[in-house]
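Sequence order for the protein chains is A and B.
The first sequence begins at 1 in our numbering and counts up by one.
The second sequence begins at 1 in our numbering and counts up by one.
Think of the hints as simulated: they come from the structure by calculation, not from any bench.
Please read these numbers as outputs of a predicted model, since none were measured by experiment.
Treat the hints loosely; a few may be bogus.
As the list claims (entries may be wrong) - Not close to chain B: a few residues of chain A, all C-beta gaps over 12 Å, as computed:
1) E14
2) W22
3) S27
4) E44
5) E68
6) L70
7) V73
8) V89
9) S95
10) G107
As the list claims (entries may be wrong) - Taking lysine-lysine and the DSS-like style, the derived pairs with C-alpha atoms no more than 30 Å apart in a straight line are:
11) A:K71 <-> B:K3
12) A:K78 <-> A:K62
13) B:K100 <-> A:K78
Ideal placement from N, C-alpha and C gives every residue a C-beta, glycine not left out.
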Amino acid sequence: EAGVVQSPRYKIIEKKQPVAFWCNPISGHNTLYWYLQNLGQGPELLIRYENEEAVDDSQLPKDRFSAERLKGVDSTLKIQPAELGDSAVYLCASSLDYRDEQFFGPGTRLTVL
Amino acid sequence: DAKTTQPPSMDCAEGRAANLPCNHSTISGNEYVYWYRQIHSQGPQYIIHGLKNNETNEMASLIITEDRKSSTLILPHATLRDTAVYYCIVHTGSGGSNYKLTFGKGTLLTVNP
């Protein structure tokens, strides 16, 4: 069974440019998460979806970050415009239900120059 | 959710048991102890979780003290592939929009040949 798929794995952009990350969760998983991980730190939750609904986006910087999960399957996280401080690894995870173990993808490493 | 305290790093010889401690002195009665690990350049991976009783699965054992203020993750026969950052997370099992895992900095376990 395929795990959580993320693309791209690496992205280098200049500041003020837009960037998008894509995530395809494990088939049948209703809950999808986006995390941000800075170097040397643990992952921090940005947003959690239950099917199509964003049930927790309290940590998502809404002035520049947006996310969508159309049809309750795959999801896209966008940053526009990117800032130097956005350089980090962006992780996607999914679970059958919000109470179940989370399965993480490999992440997208973003470098903003 | 209760905060956890873990040593920043530990070493273990290959083939020996690795015992990773975690203090969670402010844990509440309905909070679970979860362990995840993150191998370099990969997303976190669920290991095990428990509430009161000791738990064992194919990956590890979790020993929770009777007062629940601390726990130990045991990898019975550590291999080089177990080198990773190990996160201890204390989390309520109840639901709602605030349900989320809060990762700290974890313990970097280095398994030496």
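Okay, the hints, checked on the actual structure:
At roughly 24 Å from the closest C-beta of chain B, the C-beta of E14 (chain A) stays outside 12 Å, upholding its exclusion from the interface. No Cβ of chain B approaches the Cβ of W22 (chain A) within 12 Å, the least distance being about 15 Å, so the stated non-interface status holds. Every C-beta of chain B lies more than 12 Å from that of S27 (chain A), the closest at about 18 Å, which supports listing it as non-interface. Taking the minimum C-beta to C-beta distance to chain B, about 7 Å, the non-interface status of E44 (chain A) is violated against the 12 Å cut.
The non-interface label for E68 (chain A) is consistent with chain B: the shortest C-beta to C-beta separation is roughly 18 Å, beyond 12 Å. The Cβ of L70 (chain A) sits about 21 Å from the closest Cβ of chain B, beyond the 12 Å cut-off, so the non-interface label holds. Look at V73 (chain A): its CB is around 19 Å from the nearest CB on chain B, clear of 12 Å, so calling it non-interface holds up. The claim that V89 (chain A) is not at the interface with chain B is violated, since a C-beta of that chain comes within 12 Å of its own (minimum 9 Å).
Distance to chain B contradicts S95 (chain A) as a non-interface residue, since its nearest Cβ pair spans about 9 Å, not more than 12 Å. At roughly 6 Å from the closest C-beta of chain B, the C-beta of G107 (chain A) falls inside 12 Å, breaking its exclusion from the interface. For the given pair, K71 (chain A) sits about 36 Å from K3 (chain B) by alpha-carbon distance, which is inconsistent with the 30 Å threshold. With a CA separation close to 10 Å, the supplied pair K78 (chain A) and K62 (chain A) stays within the 30 Å bound.
About 21 Å separates the Cα atoms of K100 (chain B) and K78 (chain A), which keeps this hinted pair within 30 Å; it holds.
Figure legend: structure checked against the earlier numbered hints; hints not met, in rising order: 4, 8, 9, 10 and 11.
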